[in-house]
Amino acid sequence: MPAPRDAVRDGLRVALNRPRLFGLAGGALLCEVILRLALGTVHPLLTVVCPPVAAIPLLGAAAPSVSDAVADADATPDGGLRATLRERGPSLLAVAVGGHLVALACGAAAFLVLDTAIRWVLYATGGIVSTVVVHVAPLLGVAGGAFVAWAFLAPAVEHAISGSDVRTVALAPLRGLRDRRRTAAAVGVQVACALVTIGVFFGCAALANNRYATQTAALLAFAVALVSTVGTLALLGTLAYPTHVALARRVPHPLRPTRAAPVKRAVLAVLLVTGLVVGASAIRVTETRPTPDVPDTSLPADAIDAYAAALDRTAARDHRVVVRDVHSEGRVVSTTTVERSDRRIRTVLDTGDGRPVLGYADSGVAYGFSAFSPGLFALGERDVRNWQSARALPGYWYLRDEYTITDGLPYGLPAARTGSWTTVSETDGVRTLALTDGPAVFDALQNADAADATVRTARVRMQLDTERGVVLGGSARLNATISGSTLVRNHTYDVASGPDVDARRPDALGARSLGEWAWDLFAY
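Just so we're aligned: 131 in my numbering is position 131 of the sequence shown, and the numbers increase by one with no gaps anywhere.
Incorrect hints may appear among the rest.
[To be verified] Computed Cβ-Cβ distance ranges for the label pairs, DEER-style:
hint, residue 1, residue 2, range
1, R178, R289, 36 to 44 Å
2, P90, G231, 25 to 33 Å
3, N479, V227, 16 to 24 Å
4, G231, I118, 34 to 42 Å
5, S483, G380, 41 to 49 Å
In short, the hints are calculated from the structure, not lab data. For every residue, glycine included, the Cβ atom is placed at its ideal position computed from N, Cα and C.
Could you build all of it, start to finish, from the sequences and the hints given here?
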């Protein structure tokens, strides 16, 4: 029975010095890669949940030849791959499917526990997570965990090849755990491969844009990263495969007497892990996390700095912005509510026709925001009302990146630092600021170049709470011409911020779908 260090050395020797076996392992893994790439064009989730139905039967059938090469450097492979596949193929396929279910469960459990701890520390220090990480981290995390879990499940493949009964195959991983040195070596090989592969993925993702203009662009960026990742994994797996075969030689053969599998210890370990997973899941679905307080502080004396600081402080809190736009054809009322504590965004645009346009996003759904949310990662889509659809994906993060308090959906507060603000009055804890320069007002209200506009009337007045340092409301007037068109803005603003702000889920959405619950759990 070789030592783990010798098994690793012998495995690498076979991988590097036996071109035929290297090509066989590489071909099997290439088949697996092609299968997953094809499934990835349908949905990225399929690349993770699909069992290794190509790799396990092919690599398992070749294992006896690899084992002979490990035992004897001069041994000639017997070439019985086809015969082994005919005889043991169904058993190996069953191990691939059953083992992958166990591996996925282990991968999901590891991701939920570790990711929750990492995010907790990140949020406690005031950090944020990008949209790409929110979308991709669960896939990579579960896939990486499942990949590592196969280090524990490999003995089941060895026993399936030997023709053991179902019970012996199922208990083989538990018996293999008795050899801690073998288990540590196998896990170490898998972890090294997983870390390098994930590093390659994030290296590729870092070169891509953080925002997806279209679903096609998102699919292309993800495909490039995916091809690079699975290519790296295939190469590393080809090198690691003979090592696992060599380590499997340390697992007791089913025909040799062995001690009973450590079932009691396994049950205790499962109960412990289950408790951790349940606790982590409860933290995630209830949006429980450390949130740095936004203290009430006085505003700077300078009016320009005061308005900019008030905008930032309001945006950092739970807040609601109501904008009333009065024009010649009637009135439009836009209400945008951002509840950062529960990661919810709700917008209502009422044009007075009795059919207000509603949008909503949280950690599991994006409703009415199809133009702003890439459907690539959606776990389902349904029509709710008229043309509006609800996608099961973490829409809050994407809208958090797109939405600012000065560029609402579709209305927001006047932007800061476009010109010279002045203090008009300050009484009873309310400070009134004004902006009157025409081009500066145009820049504050419009996403266009003021140099191309002729401004006739322009004025903005905003009220700030001097004690809390937030925006209370105000008004804006603009009459201008740009590109031959007349532009009129008559806005009034009402702003509320603090714990009383609630961006409730629309009744039209009904109960959460299974896909929404899944994203609510894995997006944190």
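To see whether the hints hold, each was checked on the structure:
The hinted window of 36 to 44 Å between R178 and R289 holds, with their beta carbons roughly 40 Å apart. Between P90 and G231 the CB atoms are about 30 Å apart, so this pair conforms to the stated range of 25 to 33 Å. Distance hint check for N479 and V227: the Cβ-Cβ separation is about 55 Å, which falls outside the suggested range of 16 to 24 Å. Taking 34 to 42 Å as the suggested C-beta distance range, the pair G231 and I118 does not conform, at roughly 27 Å.
The hinted window of 41 to 49 Å between S483 and G380 holds, with their beta carbons roughly 42 Å apart.
Hint violations for this structure: numbers 3, 4, all remaining hints satisfied.
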